[in-house]
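**Q** Top line first, the protein sequences correspond to chains F and L. Residues 1 to 529 in this note's numbering are what the first sequence lists, from first letter to last. Residues 1001 to 1168 in this note's numbering are what the second sequence lists, from first letter to last.
Worth double-checking, as some hints may not be accurate.
Claimed, not checked - Computed spacing ranges between beta-carbons, pair by pair:
id, chain 1, residue 1, chain 2, residue 2, range
1, L, D1083, F, D438, 20 to 28 Å
2, L, T1142, F, A377, 53 to 61 Å
3, L, R1167, F, H304, 50 to 58 Å
4, L, M1168, F, E239, 32 to 40 Å
5, F, H304, L, D1137, 52 to 60 Å
6, L, M1168, F, E305, 42 to 50 Å
7, L, D1116, F, D60, 53 to 61 Å
Derived from the structure by calculation, the hints contain no laboratory data. Where is the CB? At the ideal position from N, CA and C, for every residue including glycine.
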Amino acid sequence: MPLTLLLAAVLLPSPARACGGMFCDAVTPVDQSAERIIFSFDSGGFVDTEVQITYSGQDDDFAWVVPVPAEPELYVSNDALFTALANATIPTYTLQTAETWYEKSCAGLTEVEPPPLPEFGTADYTDTADTDSGAINVVSTLTVGPYDTVVLQATDADVLVLWLQDQGYNLPEQLSTVLEPYVAEGQYFVALKLSSDKDTGDLTPLGMRYPATAASIPIQLTSVAAVPDLPIEVFVLGESRAVPDNYLHVTLNEAALDWFGGTANYRSVVAKAADEAGGQAFATDFVGPTANLGVRVWTEGVLHEEELAAEPDPIRWLNVVLGAVTASAQLTAFLPTVVPPPDGVDATSFLACPDCYAEDYVFPDWDPAAATTALDAAILTPLRAQQARLDRSPTLTRLFTTMDPSEMTADPIFVQNADLPQEVSATHVATQHLTYIDGALSSLALETAEGITYDIADPAAPSTEGIDKPSAMVISDLGATGAGTVLFDGTKAAKYAAEVTPDGCGGQDLGAAAPLLLLGAGLLRRRRR
Amino acid sequence: MIPRIVRFGTSLGALLGAGGCAVQPDRAPCDTLGDPGLEIAPADVDFGDFQAGDPLLYGNPPQGGAPYSPFHARVTGVPDLDDGASITLHAVDPTDDALLGDTPYEVRLVCANVGDSAGQWLGTDLHQRFNGWTLDDLEGRTMDLTLTIANQAGDGVEASLQGVLTRM
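If we strip away everything but chain L, and leave its shape as in the complex, we get:
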């Protein structure tokens, strides 16, 4: 996994050190903790335990539709992600540069105050959808996944991982 920090656009709010967010009562200080950082892991793997080349589970979503692969992520050092976060999951197979999926959506992250993730923003159900792909076509493919998460002001973080698609 290669975490790196990026900035999307200009953030006047960040420059002023104020996000303008609605303060949640007694929330853990996710807005102020640490340097910007992003961790991503498959939903069934604890943060920090995933190694490059490990299996990345995928399957048909229980409600039907295109195949998907579930991930979770946690963020530090980016303010106001409870006000709105732009998330993009971008997946390619590096062996033939095939685009496996490109999934952008908007969510609001939760600031955890207990457990291993206390003090960090959590995204618990981030699904990479493989529109146009069948389960058989995806089996055994190597996937380079890049996740970007940015707040409304454009401050964001990016991380990547590589694994082998394996059926659930």
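This is chain F alone, in the form it adopts within the complex:
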């Protein structure tokens, strides 16, 4: 495929673990690879859209076209904010364990102290780790970072594609079909390709700023090159929580998650939940104050650019920059262009330890002022702008879905809603209640955060697969105001309540037998004396 656009980044952080006492918590972050977009609303009626672009293919084949509702301002963005926001809001699922131990006698079940735990480690969970004709009006042409860009309008989609092809944009013929509705609506188009002296290693996120009251992903266009169940992750910075306006909203049924397998099926559950909502729906992973996230991609005063511009030693210059500037793929790609590694040393090794090469390093034409100016333009200015957008935005919303190309028939629109709860935690906890009788595991019940308890059929090989359940607990229609309308409520759809029923004398229900058990415990102790 000549055009392979994967607006994706793969982040596979190691899960944190906490384990001890009677509780062993397996904390599992979800797989994060996805097409990522950051929207940022400002009070002046503008929306900033930052799109993370990764691409696999030939340099000459790279081409990208995106419709926007108004003439945009284009700018270079940076991976740093994507990484920081993603890491700060990873949905994590914690399965905690509560054990109850009984001894069985013909008088009933007697609750007893559990045996001492082996030193730490009561469970072992695998880490989950896992894109000129009269019909064309060229508004502007600009070089933005590594891209040659053109902003244009068109009155005919076929002419638009032909024109772009003539300009060296490698675009598939079938693109004109999906461009037609955007052309009919009079939208602007941003087209970009790599500048002739750039290669795919120079790809950087692209920012677009334009007047709008809502944010939208031109997903219909994506359908041309999309893969099945394309993961889409959307971060929205703004005054208040963001919701999908023309897509439905799903709240996941946590019982559908594979708690016993590290919730590795998170994506599958989201995909099924979205399918249950007609294929066009988003789940909210996180909503909360940005101030509480501890996210900073730029701090004024950390880097003294005047001193840097006068630094005579390129290695020291490099060390200062590496120590003060938020890491990003763009920084890693930029630094070797101003401080090239010594002959025979690859850039990764050089940047990992510049001091290791200091003795032999000879840089004949070191110009710290030029290097600092270039750093400012390529890296620092985008970081400052990202931090400013973060600082002006009290609330961050993280939304997620997966979509098949066949479902990409309408562009999702996101609006802000101040009436809904303004906090949605990314942390989810369920409890597995283990019941032991005479030292042997007798039963296991899974209790979700909603307080719904499920008996697990085989405690020795626990799985949620057998539970008959929808993947969406709630499907709702949300908008810019109000609490929205609930269309589907999972609690009305299934028998959710279930009692824990251990295999004890008389098959009694533990809940009903609790007073008898207490009495039995008293009798047992007296006999022992």
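Starting from the known structure of chain F, fit chain L onto it as the hints suggest.
**A** Only chain L this time, still in chain F's reference frame:
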């Protein structure tokens, strides 16, 4: 509003009484309830409350592009709309027969199990787009809107309403 039932093409599935759909767990029985029927209303109006000649709000979509008017709809008696529904919104001004918009698309409807629409298929965001029209050109025009919704087997329903385009 004039609901009427139509059949688009031949439906072997309907004749056999089986849609071949993937059964959703514990879904309300939208596949089996009642006679075929379709209700349509502007998005800001509850089903049943719209009267012929009432205002039909329209405006520029928040993401930009051609003017639009939002509607919602609910369907009974047509199976398998969660497998895929072909929707067409067709709008004309009866005073001069001007074509205001013709918007076909594919969606999958949701079977509601709570609220007033429980047991019915819901389409919550059906937008009539007015490609080629400006906001000023549309102001005050009478719009006859016809909505058709059909499943993949061709079984469908159709309903119409008439109102006066009024800016949001």
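**Q** Now, for every hint given, state plainly whether the structure supports it.
**A** Evaluated hints:
no.: 1; hint: L:D1083 with F:D438: 20 to 28 Å; in the structure: violated (51 Å)
no.: 2; hint: L:T1142 with F:A377: 53 to 61 Å; in the structure: holds (57 Å)
no.: 3; hint: L:R1167 with F:H304: 50 to 58 Å; in the structure: holds (55 Å)
no.: 4; hint: L:M1168 with F:E239: 32 to 40 Å; in the structure: violated (21 Å)
no.: 5; hint: F:H304 with L:D1137: 52 to 60 Å; in the structure: holds (59 Å)
no.: 6; hint: L:M1168 with F:E305: 42 to 50 Å; in the structure: holds (49 Å)
no.: 7; hint: L:D1116 with F:D60: 53 to 61 Å; in the structure: holds (57 Å)
Hint violations for this structure: numbers 1, 4, all remaining hints satisfied.
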